[in-house]
Amino acid sequence: MRLTCTVNGDRHEVDDVWEGESLLYVLRERMGLPGSKNACEQGECGSCTVYLDGVPVCACLVAAGQAQGREVGTVEGLAGPGELHPVQEAFLEAGAVQCGFCTPGLLVATDDLVRRSRAEGRRPADAEIREALAGNLCRCTGYEKILDAVRLAADRMAGEAR
Amino acid sequence: MRPFTYLSAPDVTTALRAIATEPGARLLAGGTNLVDLMRQDVERPTTVVDISTLPLDEVQELPAGGLRIGALVRNSRLAAHPAVRSRYPVLSQAVLSGASGQLRNMATVGGNLLQRTRCPYFADGTAACNKRDPGSGCAAIGGFHRGSAVLGTSEHCIATHPSDMAVALVALDAVVEVQSLRGTRRIPLAELHVLPGDTPDVETALDPDELVTAVELPALPVAASSRYRKVRDRASFAFALVSVAAAMEVADGTVTAARLALGGVAARPWRAHLAERALVGAPATEEDFRRAATAELATAVGRPQNAFKIELARRTVVATLHQLTTEGGAA
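Top line first, the protein sequences correspond to chains V and S. When we follow the UniProt record's numbering, the leftmost residue of the first sequence carries the number 1, and every step to the right adds one. When we follow the UniProt record's numbering, the leftmost residue of the second sequence carries the number 1, and every step to the right adds one.
The set of hints was computed from the structure by calculation and includes no laboratory data. Certain hints may be false.
Short derived list, chain S residues pointing at chain V, Cβ under 7 Å [stated by the list, open to error]:
| hint | residue |
| --- | --- |
| 1 | 6 |
| 2 | 36 |
| 3 | 256 |
Some, not all, of what chain V presents toward chain S, calculated at C-beta under 8 Å [as the list claims (entries may be wrong)]:
| hint | residue |
| --- | --- |
| 4 | 14 |
| 5 | 17 |
| 6 | 19 |
| 7 | 20 |
| 8 | 31 |
| 9 | 39 |
| 10 | 41 |
| 11 | 42 |
| 12 | 49 |
| 13 | 58 |
| 14 | 66 |
| 15 | 109 |
| 16 | 131 |
| 17 | 132 |
| 18 | 135 |
Yeah, the Cβ is synthetic: ideal placement off N, Cα and C, and Gly gets one too.
Turn these sequences into a full structure, and let the hints steer you where they fit.
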């Protein structure tokens, strides 16, 4: 099939896509966007988390055919070229990155959490952060620094326009 | 993953025609269970019929006061729906207790009902499993069965139904609407899943050509005071060891209405009619709650690793009902 979808705001057309391959494969191998990582391939680890029509999903479980005509947002689209998103800055400053493999998925999941909380005019409570990131596994088990980073990002983004 | 033909169904009729004519066809909605099982070579569809864009994603008010939930409503949307949160809080809680945020954003109501067991032997192609390979035996009996069922099992299968959502729905008297080219029929959710008996591979009352199109909830005043309590090995993203969906009304210290269902302990979402009968008309005390739970669990069969679930279920019922009497429902 010819897959047409919007990725990070740009329209992409890719030919010779098998509808049954995963959206993750399309992003990484056909569109040159290797930021989303391929690990468990069963929706357990969250390292392939991307936005699909505005909500975070596991790209490894989305069939390419299901992405037809839809809007995808990946970690590469969080900030402009050469820039860092406040969530990315917070992860760096808090030391929330070890091997880095889970980081792209955590960044997208954190961005979603902080945006949703901000839309309700508040910052996420610790219990909420833990639940929101339950689908993102860090095998370096650096969770405490990740929680620090999410709190820092929530503080910084609280003042921004919605 | 084995190659397959992919068909994106533009309308319900196309989907129905595909599953009626193609024996190896499987319906794809959220993909959170089917795709996983295809990667593990447990599911081997020759045709995948993608129904994810069909217009079955609305939550609508019913004239008699209930709700009609389209089969393709995503779990996260269902849990957040204001009518669900206020009138059926147990349902919202149950959905939010399952999976992760990413998976709830993908998974659908219909897919949640029809998801397969998470018994490890079902997903292990080298193990005996009567569900996956009829006649091969049950590796869980005599093997690792800490998570297995204690109610509704047979000597051929002791797998649990893994859904949280379905436990709340069965307590709420939900009805499933099913379509095929032959017409539309309605099945009480309590009858959708069938017990394993000597055919564990037959999991539902659906025919191969049928598509779940909606779930209907009746108007149920008692459901406004309802809760879901889930006991598991970690605080999030784990299947239930035991779960309880409960709704209850108490007047002058006496239970006047009760709905109760159990998860994590049974071959299907387990409506606890025996316990309900014991509860209604009895005093709303922990002693009576315990008696009701005991009545329901009288036929439970524990094995060396999972016998703890029987007492855990009893205690979880008591704790959930006690919380309902002291704090009321919550979403």
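Each hint tested on the structure:
{"no.": "1", "hint": "6", "verdict": "holds (4 Å)"}
{"no.": "2", "hint": "36", "verdict": "holds (5 Å)"}
{"no.": "3", "hint": "256", "verdict": "violated (34 Å)"}
{"no.": "4", "hint": "14", "verdict": "violated (15 Å)"}
{"no.": "5", "hint": "17", "verdict": "violated (10 Å)"}
{"no.": "6", "hint": "19", "verdict": "holds (4 Å)"}
{"no.": "7", "hint": "20", "verdict": "holds (5 Å)"}
{"no.": "8", "hint": "31", "verdict": "violated (19 Å)"}
{"no.": "9", "hint": "39", "verdict": "violated (13 Å)"}
{"no.": "10", "hint": "41", "verdict": "holds (6 Å)"}
{"no.": "11", "hint": "42", "verdict": "holds (5 Å)"}
{"no.": "12", "hint": "49", "verdict": "holds (6 Å)"}
{"no.": "13", "hint": "58", "verdict": "holds (5 Å)"}
{"no.": "14", "hint": "66", "verdict": "holds (6 Å)"}
{"no.": "15", "hint": "109", "verdict": "holds (7 Å)"}
{"no.": "16", "hint": "131", "verdict": "holds (5 Å)"}
{"no.": "17", "hint": "132", "verdict": "holds (6 Å)"}
{"no.": "18", "hint": "135", "verdict": "holds (3 Å)"}
In terms of the numbered hints stated before, the structure departs from hints 3, 4, 5, 8 and 9, listed from lowest to highest.
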